Each structure stands twice: as structure tokens, then as C-alpha cells.
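Protein chains: 2
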Amino acid sequence: MMQVIRYPDRNSWEELLKRPVFDNSSLEKTVTNVLQDVKQNGDAAVKKYTEQFDKVNLENFKVSKEEFAAASKLVSAELKKAIQQAKNNITKFHEAQKEKVKIIETTKGVKCWRKSVAIDKVGLYIPGGSAPLFSTILMLGIPAKLAGCKEIILCTPPDVNPAILYTAQLVGIKKVFKIGGVQAIGAMAYGTETVSKVYKIFGPGNQYVTCAKQLINKEGIAIDMPAGPSEVAVWADKTCVPAFVAADLLSQAEHGADSQVILISTDENVIQRVQTEINLQVNALSRKEIALKALANSKAILVKNTKEAIEIINEYAPEHLIISCKNEDALAAKITNAGSIFLGNYSPESAGDYASGTNHTLPTNGYAKSYSGVSLDSFVKKITFQKLTKQGIKNIGKTVELMAAAEGLDAHARAASIRSKYKK
Amino acid sequence: MMQVIRYPDRNSWEELLKRPVFDNSSLEKTVTNVLQDVKQNGDAAVKKYTEQFDKVNLENFKVSKEEFAAASKLVSAELKKAIQQAKNNITKFHEAQKEKVKIIETTKGVKCWRKSVAIDKVGLYIPGGSAPLFSTILMLGIPAKLAGCKEIILCTPPDVNPAILYTAQLVGIKKVFKIGGVQAIGAMAYGTETVSKVYKIFGPGNQYVTCAKQLINKEGIAIDMPAGPSEVAVWADKTCVPAFVAADLLSQAEHGADSQVILISTDENVIQRVQTEINLQVNALSRKEIALKALANSKAILVKNTKEAIEIINEYAPEHLIISCKNEDALAAKITNAGSIFLGNYSPESAGDYASGTNHTLPTNGYAKSYSGVSLDSFVKKITFQKLTKQGIKNIGKTVELMAAAEGLDAHARAASIRSKYKK
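First to last, the sequence lines map onto chains Z and D. So the numbering used here is basically just the index in the first sequence, starting at one, shifted up by 875. So the numbering used here is basically just the index in the second sequence, starting at one, shifted up by 875.
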């Protein structure tokens, strides 16, 4: 069961809100070796590790047209319809993130603007295993397509679940490779005979994949964000429905034994009623054992007042925050650190995980203090432009010259003055 | 002088466009030790390293009101006016990057939106040394203020140039600390008795500072972007003014012996005339020796046609790109990889470095393939929100349930179904 912490002292918050620490350093050597091998030996190394780790011997990693067609037949019509609705909503929300070019004349004759330009080549990693995360293909593939990325490749370990292939096809990803783990990250980072090198890699993964992403990031390949176990904080008052809150906490707890679940309330009665509901609901879950382990690491925190609730949430910076309180909009306005916020009694986290339209790739581990979730922005660079007329450089030339001279940069000053003085 | 490469074969581009490689790994141990010392011993460690590296013995790192006032008197009225014009233009350009909240109803009863929220605490690092980069304070401090960051701290090594203190004060940064190098990055990352811990660190620096930023980034503190030596590519045709192109190439070359300068043209005559101009202009520079060293590493590349020019520029992904060609706007539309683009004969890079309004903190080293320069976005997180009505969760509940079930996540499905079925 969740541990109840009553009125914790401010000084204890940091310790209380700490995430489990995962020290990658013991994996680093293994991961580096696999990456280096893939860098040097390409497909041959990928093949070797696929045999070793996935126990599959593949002649061809690339998913064929026939495999796509076969997968499509294995997905039920009702699941297809569901995926289509999710796709529509995610598309609507991310399409609205397109930025119009605004030309700003900062000084007469000096026009500046910025333009979003797709990252040419991106790679998506979708883990395999017990939960085939085809929903993540929607969350990464849709904005990649909307941004206009020319080359989108997807790696996922064999055997590939049909829903993964169906969803990839639906969002228009044609290059899917049956490659998992560190070897997949290496293939996308360095390129092999069959997998082309990309400029940015997205997607979740286990600790090995996370470590591989960190290492290739150090070499200059961008990644979506640092990763950590999923987490939710629910802030509830007496207007909440305890059965809903319990369902939300359990939906996070079932992700993994390392998932974090936090309940915050100013009302001890709410905490008790939610705990009772958890006990009632947990038995019905197929992933009960996982959920119970996650709950054992989780906390129900009783705080003095609304102000303290806001402070503790901002200090925790949850990936997901559900506000099941009266005046939820006004309370949400005070939250400065969170990945995604779910307002009111009818907005479960799972709505955002699949179908509300927001992106489910969000900052964990307190990174919501400085990182945003994945959005259309994640798939573009914003290039700035400036165009000066002859009068424009005259209007700011003196400023450029004085500042450059004060910084000791003569040639910078000259590049402006040579133009200002030009007689033609 | 610049080496001229005539019609390089496509296969040779990768090698040709390679940046000098800086291997940080030899510094990593030293840098780690300093960081750990600052983490454990706070101000005492900062004081020790300030004595050791900066040869200054300080009782108090924080710049006092008196020091600010004294600095202001040492900056000339005309430089103040210049800094003010730059500030106005940078403010105008970055203010236009504010994003309005748009509420998207993705399905009836399902409303989603995102809101930019300032990163609470940010740290700016401004190097000292020969060139006091007060312009970088404008480029980082103005968007930090516009974003609404609550705590903005600035570290810069002693002795601090008056223009740095004047500019910090002008943009409203009150907490300036006379701390440089790795110890500054450590102080901002971990906090000390006098310097508070921040969530994101911005600013340029030498290889030690860069290495320190990489290391603290691995620990979860965000950084602006990976760093590398500054660079410019100039694409010129016969409509260019060779004296201007030479001035631009030299203004980049004077930055440092490791700066990269690339000239691209389809016209060999243009390359010759620019080289001649460089010879004429270089002697007038106070940083002539540095510029000559940088030029020795630099290249003038003669390409077959416009198409090839575009391809080679996109492959190089320059931090700065100047297009001194006819139809510069149409050509710029084909560029997908660059930090900032300068259009036409009257838009020198130095205009953007100081005063056009665009940000001069830009991706180097080919990172323009996947990273944007600093903007207002760099100082905010974009938090997403969703609010569903009871009808809203009914409208997408089935989709959530089906997708969650297909991913093997029961409790996710239940969090939706328990609401859809709720009878109150």
C-alpha cells in the first residue's frame, strides 16, 4: 500500500520527492562496445546482436510490403477505428502548433524572422516486449509527418506486433526495421548498409536503450529528452471521486515496478477513501503484482493548505498531474512544473496517453522543471533570417561598430562599416 | 590563405566539411573533480578554484550595488546608446515569439491546449578573457526576462569588465557572481551558500566549461545546446561585393584560431576576387594572427551549379550562412540546415551578432541539422493541458479502452471505463 506522509516538514521535501536513482555507469561499457561494433561493422554487428539478444536470426531487417499487408489483416476493425480516432485528435492538436512566419522590422530597413524547418532525418525507437507501444508511433510519427521530415525510420525489436506495423503504415512510415535495443540506437546514429543515419532519435526504452541514447547524444546526435520511469501526481480534494483517483493511480502503477505515484491532498479523509478504493480495484488487474510493487514505493502526502500543495507539486515537477479539485483551472494556473495537466474529474491520464490529442512523450524524473514534452517543435529547427537594406545597415551600423570594438573584435566592426560607407 | 577546392566529388564532402574534433575526454577527470568539490564544499571550493585559476582572492563573489554603480560610470555614453539600440531590437524580435494559448477541441467535450511557462531558475555563464562578451548578456538575459524566469543568475570570471556589469543591470539581472570556469558551472548546477541552484544553464565557454556543461547535463540539469567553435559559410555569386565577403570571412576568422570559414561559389572569379580582398583587409586587423590561423583551416569551395551549392551547404549545416547572390530569397528557401541566414549584400553576420534582433547563440559543428538557436522557447517549458467533460470521456473512452487493452494495460482502460460508466 501507499505510505501516508502527514504534514511533511519543508526541509524533508527534497528527500521525500526523490526519484529512485538509476546509475547507468555499470552499463556504459557494455553499451559502448555494442555501439562501437555497430559503427564499425554495420549490418553484420546488428545481425549478431539480434541473434544474441532477441534470439532471432534475420536475413533482412527491413519490414516488407507483404509483412505490412499481413499485419494489417491481424488488427481488428474496432482497434483500427480506435487508432484512427486517436490519430485524428493527435493530428488536430499538433497541427495547431504550426508557427506562421512573422516578419519583424526591428529598425527601419532591418527585417528579421524565423521559420520552422523539418529535421531532415529522424529515427523512432519503439520497444517490444509485453506491451507493444503502438500508441507511441502515433505520438512520434504524426508530428514527424506534420513537420515534414523527409526520412522517418522506425526500429523495433523482433517479433514485431501487428499493431505496430499497422500503426506505422497508417501514419505513413515506410521504413520499419526489426532491430531492437542498443543495436537499433547504434544503427540509427551511425547508419549501416540498410539503415540510414539520422539526426535525431526519439522514443522510450529500457536502461540499455536510455544509456545508448545518452552516449550518442554526447556525440552530437540529438535525442528527444532524458528518460526515466513514468509517474503521476494526483491532487485531490473532497470534490474528487475516490474511485476515479484510485483508477488513475493504478493506471500509472501498472506501468512498471519502478513507476512513481503520488497523491496529494489537504484532506486526510480523501486519502483514506482513495486507499480503500485502491484495495478494491487492484485485484481486478492483470498486472496486479507490478502495480503493488509500484504502490509500495509511492506516497500519499497530506499537506496543510492549497499553497503548500502547489509548492510541493512544483518541487516534484510530475510528468503527469491530475487536478481533481474544485476550481481546477485557477489551481492549474499556479503550476509551473509539470509535463501535462489533466483537469477535473473526467480527465484521466489514460485519455492523454492515447487519444485526447496531447503528446504522451513527456519529461519524467523532475525534468519538467526545464524540459517540455514532445511536440511539433521537437521535429523542426527554427532558423532565423535577417535581411538589411543599405539604409538598414546604416541605421544599426554604428551600434554594431561600437559594440564590436568594445568586445575587441575589429573585423566584426569592419564588416558593418565597409557596407555603411560603400559608395555605389 | 584559404585553400581552394575545385569541384569536389560528392564522396569527398563528408571529409571536406568535417569540423576539427575536440576530444574532451582528457579533461573529463579534472572537470569532474572540480565539479564534485564544488558540490560537496560549496563556496569554499569556489573560493579555492578562483584563487587557483583566476589568481584572485575574493571574500564575496556577489557583485554589490556599489560595483554596479561604479561600472556604469565607466561605460561611455555612446556605447550605452548602442547597447540600448541592440536591446530594443532583440526585445522586439524575441517578444514576437510569445505564443498565444489556443484551445483545440479535438473531439466534442475534449479540450486540449498548451501554455508556455517560464523555467523558474536559469543560470547564464559569460566568459571573461580578451573579449568581454556583454552582447551575449543581451542575447540570453532579454529572452529570460521576457519569458518571466523568476531567478536569473549570471556568473562571469573576475575581474569583471564594466560593460558586462552595465549590460546585466540594463536587462534587469541583479544576481551577478564573480565566478568563472568549471567552478561557476558547478555552483549553478548544485548551488552553494551564495549561489542558488538553477534548472538550466546557458552560455559559451572554453573547452573546460563546455565539458562541465556536458557533465552536469548528464545529471539532469538542462543546457542551451552543445557547443563548438564559431563558423560562417558565405555563398556568393558575381552579384556579391568581394570586399564585403572578405570582411565577413575575416570577422568570423578573428574569433579564434579554431574558427571555421567556408566560401562557396559557382564562379571561380568570385573566389579569386574575395581572396584578393582578404589579403588587402587582413593587415588592418588587431587580431590578424588569429585570423590568419583560422583562414589556414578554411576552404573556398568551387561547385558546379546552384543545386550542388544548396546540397553542400545543407550537408555542412553552418551556424551562420550569408547568401550574397541574386535571388537570395528563393535560394534561402532551399536551405534546410543553418542556424541563422543573412540575406543579400547588406546583411553582415556582425549585424546578427549584435543588433539586428536575432539571437547570436546558435548551433555550431553541424548541430544546425537538429538544433535551433536560443530563442524565447529556450527559457520556457510548454505544458500541455486537457479537460474532458463527462460526455468528452464517453466520446473517446472506447478508443482509450481498446488501445490500452491492446497494449496490455488494463488499469489504463479502467481509468476511462470507470468514468464513462459512472452514474451520478
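Do not take every clue at face value.
Identical copies carry no separate label here, and so any pair may be met within one copy or between two of them.
[Stated by the list, open to error] Straight-line Cα separation of at most 16 Å, EDC-like style, residue types lysine to aspartate or glutamate; simulated pairs: (1) 1113 with 1094; (2) 1179 with 941; (3) 1273 with 953; (4) 990 with 1252; (5) 948 with 1164; (6) 1072 with 1190.
Keep in mind the hints are simulated off the structure, nothing from the lab. Since the model is a prediction, treat every value here as computed from it, not as a measurement.
Do the hints match the structure? See the list:
Within a single copy, residue 1113 and residue 1094 get their C-alpha atoms no closer than 51 Å, and across copies no closer than 38 Å, so neither meets the 16 Å cut-off. Taking the shortest Cα distances, residue 1179 and residue 941 never come within 16 Å of each other, neither inside one copy (61 Å) nor across copies (42 Å). In this assembly of identical chains, the alpha carbons of residue 1273 and residue 953 lie at most 16 Å apart only when taken from different copies (10 Å versus 67 Å within one copy). For the identical chains of this complex, residue 990 and residue 1252 are neighbours both inside a copy (11 Å) and across copies (14 Å), given an alpha-carbon limit of 16 Å.
For the identical chains of this complex, residue 948 and residue 1164 are neighbours neither inside a copy (33 Å) nor across copies (69 Å), given an alpha-carbon limit of 16 Å. Proximity of residue 1072 to residue 1190 under the C-alpha cut-off of 16 Å is restricted to the inter-copy arrangement: shortest distance 13 Å between copies versus 39 Å within a copy.
In summary, the numbered hints that this structure violates are 1, 2 and 5.
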